[in-house]
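Asks: Next come the chains, spelled out residue by residue.
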Amino acid sequence: METPILEARSLEKTYDTGAVRVEALRGVDLALERGEMVAIMGPSGCGKTTLLNCLSGLDSIDGGEALIEGTPLSEMSDRERTDYRARRMGFVFQFYNLIPVLTSVENVELPLLVARVRAHEARERALAALDLVGLAGRAGHVPDALSGGERQRVTIARSLVNDPAIVWADEPTGDLDSENAAEIVALMRRLNLERGLTFLIVTHDISVGRKTDRIVRMLDGEVVEEQRLEVPHVLARHAA
Amino acid sequence: MKEVFGIPVDSLLAILLVGLGIALFIVGALALRNRILVTLAVRSVGRRRGRSALIVVGLMLGTTIIAAALTTGDTMSHTIRTTAVATLGATDETIAPKGAVDDIPGALGAASGMQWIPEGTVGQVESAADGSDLVDGITGAIIEQVALQAPSQGQTEPSVVLFAGDPARMDGFSPIRGSGGNELSLADLRPGEVYLNTKAARELRIEAGNRVVVYAGADPVPMRVRDVVRFDGAGTADASALLSLAQAQQLFDRDGEIRAVLVSNRGGDVAGAARSDEVVALLEPVVGSLGLEIQTLKADAIEDADAAGNAFMTFFTTFGTFSIAAGILLIFLIFVMLASERRGELGIARAVGTRRGHLVQMFTFEGVAYDFLAALVGAVLGALVALGMVMVMASAFAAADSDEGLQIEFAVTPRSLAIAFALGMLLTLVVVAVSAWRVSVMNVSTAIRNLPEPPTGRRRRRFVLAAVGILAGTALTVSGTSSGTATPVMLGTSLVLLGLIPLLQVAGVSERVANTLCGGAIVVTLMLPWNLWERVFGTLAMDFGTWIVAGLMIIVGAVLVMIHNAAALLGLVMRTFGRIGALAPVLRLSIAYPLSARFRTGTTLAMFTLVVFTLVTGTASNGSFVHAIGVEDFGGGYQVRAGTIGAAPIDDMAVALRRSPRVNERDFTTIGSQSVLAVEAKQVGAGRPFESYPVRGLDAPFLEHTTFGLGDIAHGYGSEQEVWAALREQPGLAVVDSTVVPRRDNWNFGVLPDFQLSGFYFEEGFDPIEVQILDKQTGLSSTVTVIGILKDTAPLEMVGISTSEETLAEAFPGRIRPTIHYFGLAPGVDPEDTAAALEAAFVANGLEAESIQHVVDDATAANLTFNRLVQGFLGLGLVVGVAALGVISARAVVERRQQIGVMRAIGFRTRMVQAAFLLESSFIALTSILAGTVLGLLLAWNIIRDQQAQPSWENLELIVPWGNLAVIFLVVYAVALAATLAPAIRASRIQPAEALRYQ
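Protein chains in written order, with my numbering: chain A, 188 to 427; chain B, 792 to 1790.
These are calculated hints, taken from the structure and not from any lab test.
Backbone N, C-alpha and C fix where the C-beta goes; we use that ideal spot for every residue, glycine too.
Heads up, none of these hints are tricks.
Simulated coverage check for chain B against chain A, where a stretch passes if three residues somewhere in it have a Cβ under 8 Å from a Cβ of chain A:
(1) 1381–1389
(2) 1693–1705
Which residues of chain A face chain B? A partial, calculated answer using Cβ under 8 Å:
(3) Arg266
(4) Asp270
(5) Phe280
(6) Leu289
(7) Ala302
Isolated chain A, as found in the complex (with noise of 0.2 Å):
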């Protein structure tokens, strides 16, 4: 059986303020496969986010073991698991979080130039990028000049950019109005489908959870649920 590309052994998170101890996670166990799109949900404060986090290196861990492509992200300093994120990682964000000063294009090349490709082929690579989520024609405008919908796709091409191996996503559509929020679903889908990237998705959106692979519930910093999806194009993928 293939390596899992993800996996969480009895994750614990504590967040400890001095006055306030919150237990974020609770010795969480999760697996993903490659190619594979989960969805994360549960109620605000669940530990949904502190997972994701936890588990692509943004945060670390207080106990249990975090393993990405098979290797345990303690055992990486945090110059590795930065240029780890550089490589073989993308992120989304809910209020999408692109750098305001800078062009769609230009945001979107940033982690090539981060993981040190030369500028013109990083302009390339990102205008490529930017034609598969549909905004070639807005490479030029900076962030304060697209509608919701397109920050967000300029986000999905920024992770994509660097043929990540996994694509973090908090919250993708939270910001978005339903129409938007279905486009960016399919979109992401599609990349999923298309090019088998892999997905972790933190939502609060059951319509964005229906759309994935594997639907994580998630209670108290525990999961307390899984439940596989039987749509139609997981079960095609399942068949084959």
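Starting from the structure of chain A, add chain B where the hints point.
Replies: Chain B alone, transformed into the frame defined by chain A:
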């Protein structure tokens, strides 16, 4: 000091305190009405203490600079007052023959031929003061320059002031303190004994009991030093010897005669001088009837001290103007950024019903809290800065006069600190109120969502701005042209060009093109050679105000060009350095961020560039002037200058040299002599009164050989040589020094003499001018015709009305004897050795000699030290720039918290985040240093070019102290990076998960 910024100190303080009182009353009344706003403001101050401290530092810089300038003025005023008190002690007035005590500083040469008066005069004056409580001491005195020699120690002091008073009448005067601290009396001196003050004893290296030889007349008189004493009022702050009046009368063979009657007013050494007018009124009848005059020496000295202090204060406040302007920009920037940080909160406050006025109030309350602290700390810090400056100045003065040096004593008056505090606080309060008003103008919905402010009413606003700029600019230009003043013309032209920017935009020209065109036009027009300005606007008078206005407007123009074209410039940088792998993403962000915040970047660029510009202009132009003075200017063709005491002049120096066994006559190729007379002078027909001024009698050899340069020559004369020859050949002609001549351009800070010519400008040539000179002692007067004006580079020793010795001898028979001698030396003869030999040869005449090269070296060293002091003072403004970088970097960390989170998420290492911040500051600092240096050098070149066309400075060359500037800028750049380092490190330590958690 009596005046600050031309306003009497007490009046200014009263105005400022009343202004501040009104402002604080209004703020206080509003605070009482809206206590919740005060609470909000106070809590905001305490919320982030580090940032609050940074704000206080930023706000206090203006106050610091003002306080430093005022305190420097206080110090100089105090120092000169202290010297006056040491010189005069308790003596407030002197009664002497007319003209006998007119103030001729020692450097100008000793006058000879002063009359003696009967000792009985003292009793007559005492009778006049009898029954009055204004006076507490009257004595007859002999104050005379003598030479002292300590044979055992092998030391000679050619210039010692001998003071002799009547022991029975010295009660109201300063006490004489012996080496043991005990009070001594002149009556204690036995025949053949003398007191020396500590300075004289130190210079002669002797102590009580040693023997000295006094040279006071034809024969040397051996005496024994009874004690080494401290005494104020010997007529000098330097070396003095004390005798009883009877002893001195015997020494000078003037039985029953004195030089002057000294009067001490009640009320102490300084306060007593305030009674001088009353004392003069009391004594004038008897003094006048005796044919004498009463001089208010102490009051005059205090007035001079205040004028000198004022000159220093004005100098430093003028040079500090740019830093103060930069400080004001910083205050504005700080508050605008503070408001932008809280824009969301303010939007919500507005949404729930807070009025705009309330927001203004809230910010003003917060501003007052910072302001109070900043003004307080700034005033104290300014005094400390002044202390440092004073120490540097002390070394400069010591370099200028290696023998004595002005003993600078640090002083600060509460009034100066209060003025600096009130001025700083008011200035900040106004800027805070304006910036509070600016930030209160907001779109509530976009503020709540932290979106950019939507454009509103841009077209109308542009029209208004254009109209105001063009109308005000035109009015100023017309006014300046009609009054022939450069400052309003330059300001007006700049405002017209600024007014064109919105007009061009309304006409459809892009913002970038409009700003580039007009900003560039401002820089180019203000950098044009000034003679071109005069071709367009006619003759224009300039002063330091012109420099300040031109400098400010040049920076405004340059910043407009820079900020609107930075993208193109930085694109080039990106294309060049962006190929370096790890640098590319960092460079991209560090360029993009400053470009996106134009106001913030523009303001910081303006601050930094302004200070660098001033520093470069000031340093380069000052340095050029310092290096422009050479031996030829100071020596007038001679290599050694010597002066004798007035009581023992050498009438024929050539004969004296021939007779002296201690000098070799063949060492000297030329000898020129001068006599000096204290006279009163006035320009004939100018309607001005007589004023005291020295007149010099230059002998024929001096006139034949002198090469002292002339800055201006009267119409009818073709060359300097022709003028000097005319003086030699034709009695009744004269030249004057340039301080008495009116100028169209006023670049002077010093105190000018009361005697002034009028009716022409130094820069424009003149017809021969008649000046009447009056010898008060004899009542004789004469008229000389001024046909030349010495260059500005002529030394202090040539100050006065210089005519031929023959002219003076004819006009004032028996009054003229040479006391100054200039020597030209044969090739290979060492001037230093010759000066020493001359002093040794003519010790009985109290001859002091110095090589001109030595004088020039001392003067250059002193000027360079002073130049460095100016650099340091101007460099204070760089603290403003560095503080600005610190403030905006700290703010950027807060603003970009989420973006930093994203950067870290997509692979930016911590070092890359730090580098992005440091590069961003580097962009501002390096651009400013480059732009400020280029513009500063251009202006300095313009100044030098203009001066080359003026009398006196034809040989001036622009000398740029690259080494000094490089060190300053490297240090500043390093400090700027250091100021950014802490925020950069903070930024790099932001945990991405933490940063991305909230919107």
